[in-house]
Amino acid sequence: MSIVLAGYGLTKKYGSTTALAGVDIEVGERDSLAIMGPSGSGKSTLLHTLAGIIRPDGGQVLLGGERIDRLGENRLSALRRSRFGFVFQSGQLLPELPAEENVALPLMLEGVPRKQAVERARRWFAPLGLDGLERRRPGQLSGGQAQRVAIARALVVAPDVVFADEPTGALDQATSHEVIRLLTSVTREQGAALVMVTHDADMAAHCDRILQVSDGRIGTYDQFTVA
Amino acid sequence: MRSPVLPLTWHLARSSGRRGLQSQLLAAGAAAVGALVLLMLLAAYLGSGVRADRTAWRTPEPDRHGTAVQALATTFVRHEPVTVVSLAQLPDRRPTPAPPGLSAFPRQGEVYVSPALAELLRKLPANQLADRLPKVASYGTIDAAGLASPDELVAVVGRAPTDPAVSEAADGSGLWDDGLTARAVVSGFSGGKPSVFTRSDQQMVLLGVGLLVVPVIVLASAAGRLGAARREQRLAALRLAGATPRQILAMTAAESAAVGAAGAAVGALAYCALLPALARIPYGIGTWYTGELWVGLPWLLAVVAGVAALIAVSAVSTLRQVASAPLGVAQQANPRRTRLIRLLLFVGILVYIRQSASGGDLKTGQLVALVMLFYGAFWLFGPWVVDRLGRIAGRFARRPATLLAARRLSDDPRGAWRTVSGLVLAGFVAGFFTVGHLALGGIDFGDRVAVPTANGATAVTEARTLLREAGITATVSAGEDDFLLAGNDGVTVAVPGGVEKIDAALTALQPLAGGRLPYGADYGSAPDRVAGDLLSDIGTATLAVSFLVATASAGLTAAANVLDRRRVYGLLRLSGTPLKVLDRARVRETALPLLVLAGGTTSTGVYAAYQLNKAAESTISTSGAIQLAACLAVGTLAMFVAIAGSRPLLRTVTGDPARSAE
Chain A
805 MSIVLAGYGL
815 TKKYGSTTAL
825 AGVDIEVGER
835 DSLAIMGPSG
845 SGKSTLLHTL
855 AGIIRPDGGQ
865 VLLGGERIDR
875 LGENRLSALR
885 RSRFGFVFQS
895 GQLLPELPAE
905 ENVALPLMLE
915 GVPRKQAVER
925 ARRWFAPLGL
935 DGLERRRPGQ
945 LSGGQAQRVA
955 IARALVVAPD
965 VVFADEPTGA
975 LDQATSHEVI
985 RLLTSVTREQ
995 GAALVMVTHD
1005 ADMAAHCDRI
1015 LQVSDGRIGT
1025 YDQFTVA
Chain B
229 MRSPVLPLTW
239 HLARSSGRRG
249 LQSQLLAAGA
259 AAVGALVLLM
269 LLAAYLGSGV
279 RADRTAWRTP
289 EPDRHGTAVQ
299 ALATTFVRHE
309 PVTVVSLAQL
319 PDRRPTPAPP
329 GLSAFPRQGE
339 VYVSPALAEL
349 LRKLPANQLA
359 DRLPKVASYG
369 TIDAAGLASP
379 DELVAVVGRA
389 PTDPAVSEAA
399 DGSGLWDDGL
409 TARAVVSGFS
419 GGKPSVFTRS
429 DQQMVLLGVG
439 LLVVPVIVLA
449 SAAGRLGAAR
459 REQRLAALRL
469 AGATPRQILA
479 MTAAESAAVG
489 AAGAAVGALA
499 YCALLPALAR
509 IPYGIGTWYT
519 GELWVGLPWL
529 LAVVAGVAAL
539 IAVSAVSTLR
549 QVASAPLGVA
559 QQANPRRTRL
569 IRLLLFVGIL
579 VYIRQSASGG
589 DLKTGQLVAL
599 VMLFYGAFWL
609 FGPWVVDRLG
619 RIAGRFARRP
629 ATLLAARRLS
639 DDPRGAWRTV
649 SGLVLAGFVA
659 GFFTVGHLAL
669 GGIDFGDRVA
679 VPTANGATAV
689 TEARTLLREA
699 GITATVSAGE
709 DDFLLAGNDG
719 VTVAVPGGVE
729 KIDAALTALQ
739 PLAGGRLPYG
749 ADYGSAPDRV
759 AGDLLSDIGT
769 ATLAVSFLVA
779 TASAGLTAAA
789 NVLDRRRVYG
799 LLRLSGTPLK
809 VLDRARVRET
819 ALPLLVLAGG
829 TTSTGVYAAY
839 QLNKAAESTI
849 STSGAIQLAA
859 CLAVGTLAMF
869 VAIAGSRPLL
879 RTVTGDPARS
889 AE
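Chains as they are written, first to last, in the working numbering: chain A, 805 to 1031; chain B, 229 to 890.
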């Protein structure tokens, strides 16, 4: 398995608080990795650092072997748009756009003509169980449906890595499992890696690997195999 | 038990952090601008009334048992009117009280002048002005009590009752004399008829107030909507904590009213501080005495309270929508569609306005009512147009920024309309006033001077002699057929060489006119010119204030939108959406409806001005088109500056993507 994303010796401090204290991490192609840890352990900081949202104080982040932690904001922004996908807990969909346009937006931002972008976006609706909901607005969708639209949006640009930050935090247990199953399987099918922050061990269990973060360090390392 | 509303409101307001403070500061700023503008409007309205009252003493109030003869005459110098009040105490009558501005009733041979006239008398050669008044060693001074403006040119001359300037003075019955001359036996100076130069001031201000009140209300209501998202979150949290909807509404009202009152108080203080500067803005007869623009403490407090109440009502009405359907508003499940009935009502109101206005001869009150109705019509129509625009632009949008803007427009057309409404309505004002400057010059008498005199034939020779002695080259003719003499006997004189020569001729020919004063074209066109000048002054002031208020309103709404949508903007930026796309979407969201609607209202304004000019049998101002283009350019620029003003805020709220994700 080739390494698509890696962080070596990552450190980050907020004032006197150490969020990352020399973290080494590697994510392979089609790999799914859950980052767990108590509140304030540094798991979100790690995800944001890997995604180029936060610059580390020390260490380096490599995407496909190229260092990205020193890129300028514009290039980082373009990178996040074209090679990463993001799924958050909630509030990431534009409330005034219908679902299909929310999904098509990253493609349009990449310069794909609107008609083609919407056509490509629509292809994601049936596989994600969203058939017939293309013209619905986020407010007219259930929490689970909205998260599936968010997954479609994250994957529509064929990213190398999908970052998910507590993607089921606002969902009930049954819907959470359904969404995570979909997220891990579709991500893998698309050949993308998944890095997910969660506090829920049941959700983490859907991933290939679980990383425990505590006080800015990687603690225990377990390897799971998805059943 | 003591209500927990106020302490809890205070506590929450204090602990709302920097974001809450930003909203509160913006709302307070809007309240300050709103209060300042309202106080300025009120000051202009009340002040113009005071000014008119202060000129009323010059027009004599006839009293058969009077004690003195008062003659009002008007002459012009450098095209500016000089009011000359001649007073003669009648013998064997009790003493007449002193007129306003004078310490005593003027004795024969005494001349009192206003400070501005004294200055002009010093500045101009005596043969152009001073020789029109009796020669005296020194002039007395008319103080502010007898003047409406520091710039007024007024003289009070004490004369004998037999002096022709009193006994033979014009009595106001001539064709051109309306308000410019009058003569009567009086017992005092309690006249109730304001001078022709101030009598329309208040009505014109009322027209400006009518045009400006709506943009000010828009501004205040925009302030009330600030922080709506924060309040919605608070509503949800407090409802969960057990607060009743009534308590939440009360807290919202208390907080927004307090912020509004604080801002309005700042606006009121700014008004007080700006009073001397405001008094220097000329209107009609000139600048103001500062005291004339002081509205008084009760009005000041009423405006502060009114603005605070307006903001509180706006905040509560926004929250009431949330309270009635919290889920729908929070998630914006359904677009806030507009119905076709708005278009039908708009057309109906416009037809009504057209029919009402086509009769002509509207009083100012009726005109203001029609203007308000027109605004109301646009208030109905605006969101409908924005909605349709959004749908059309959404269908054809190719770029993400345009698509985002279009969807925003059709998602909340009323909100988008509120952003641009101020400038759209200002467009109407611009269209109306720039093109509508009435060319009410009346008949152009050119450089002619008329001297009413009993014997026109011999007067020609005398006139030639007087002019020759004064060194003025002019053509004198018996002017019985000259319309400038309005059917009276007399001579007319064509005086080439400009206003100085005309002023010199008016001065030189005065002995020929007996008790009357020679006059030129300014005299004949004075009432029309006053109306035209007032309209022009009001137009300029209204335009300036409209654009100020509309720009503040647009900037405020743009900033409020950024604050309310900070999370979604932050997440979009985090996912790689360039800041410029978000910014372009914001600009297009405003520019699109602005261009269409402001274009529409401006055209309507031009049309209304055209109709008004047609009714007045006047021509459209030739420079109007250029002024209109300048106004539109300034307005558009102002709008973009206002939106650009919130760009740093957008950058700040999306600057820490990690925070957006949390």
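A hint or two may mislead.
[As the list claims (entries may be wrong)] Which stretches of chain B does chain A cover? Using the computed rule of at least three CB atoms under 8 Å from a CB of chain A, they are: (1) 357-363; (2) 480-486; (3) 634-640; (4) 758-764.
[Said to hold, decoys possible] Simulated restraints, written as ranges between beta carbons of each label pair: (5) A:933 x B:567: 34 to 40 Å; (6) A:936 x B:472: 38 to 44 Å; (7) A:935 x B:620: 24 to 30 Å; (8) B:876 x A:915: 48 to 54 Å; (9) A:915 x B:569: 53 to 59 Å; (10) B:504 x A:817: 55 to 61 Å; (11) A:1003 x B:567: 44 to 50 Å; (12) A:939 x B:597: 42 to 48 Å; (13) B:865 x A:915: 28 to 34 Å; (14) B:569 x A:935: 46 to 52 Å; (15) A:1003 x B:626: 17 to 23 Å; (16) A:1003 x B:642: 49 to 55 Å; (17) B:567 x A:939: 40 to 46 Å.
Hints were generated in silico from the structure; no laboratory data involved. A virtual CB, placed ideally from N, CA and C, is assigned to each residue, including glycine.
Hint by hint, here is what the structure shows:
1. 357-363: With 0 residues in contact (Cβ-Cβ under 8 Å with chain A), the coverage given for the stretch 357-363 of chain B is violated.
2. 480-486: violated (count 0)
3. 634-640: holds (count 5)
4. 758-764: With 0 residues closer than 8 Å to chain A, the stretch 758-764 of chain B misses the three-residue bar; violated.
5. A:933 x B:567: 34 to 40 Å: 35 Å, holds
6. A:936 x B:472: 38 to 44 Å: Check passed, 40 Å falls within 38 to 44 Å.
7. A:935 x B:620: 24 to 30 Å: With Cβ atoms ~29 Å apart, the hint holds.
8. B:876 x A:915: 48 to 54 Å: At roughly 28 Å between Cβ atoms, residue 915 (chain A) and residue 876 (chain B) fall outside 48 to 54 Å, so the hint is violated.
9. A:915 x B:569: 53 to 59 Å: 42 Å, violated
10. B:504 x A:817: 55 to 61 Å: Holds, since residue 504 (chain B) and residue 817 (chain A) (Cβ atoms, about 56 Å apart) stay within the stated range.
11. A:1003 x B:567: 44 to 50 Å: 48 Å, holds
12. A:939 x B:597: 42 to 48 Å: Holds, at about 45 Å.
13. B:865 x A:915: 28 to 34 Å: At roughly 31 Å between Cβ atoms, residue 915 (chain A) and residue 865 (chain B) fall inside 28 to 34 Å, so the hint holds.
14. B:569 x A:935: 46 to 52 Å: 36 Å, violated
15. A:1003 x B:626: 17 to 23 Å: 42 Å, violated
16. A:1003 x B:642: 49 to 55 Å: 41 Å, violated
17. B:567 x A:939: 40 to 46 Å: Check failed, 21 Å falls outside 40 to 46 Å.
The structure does not agree with the numbered hints 1, 2, 4, 8, 9, 14, 15, 16 and 17 stated previously, though it agrees with the rest.
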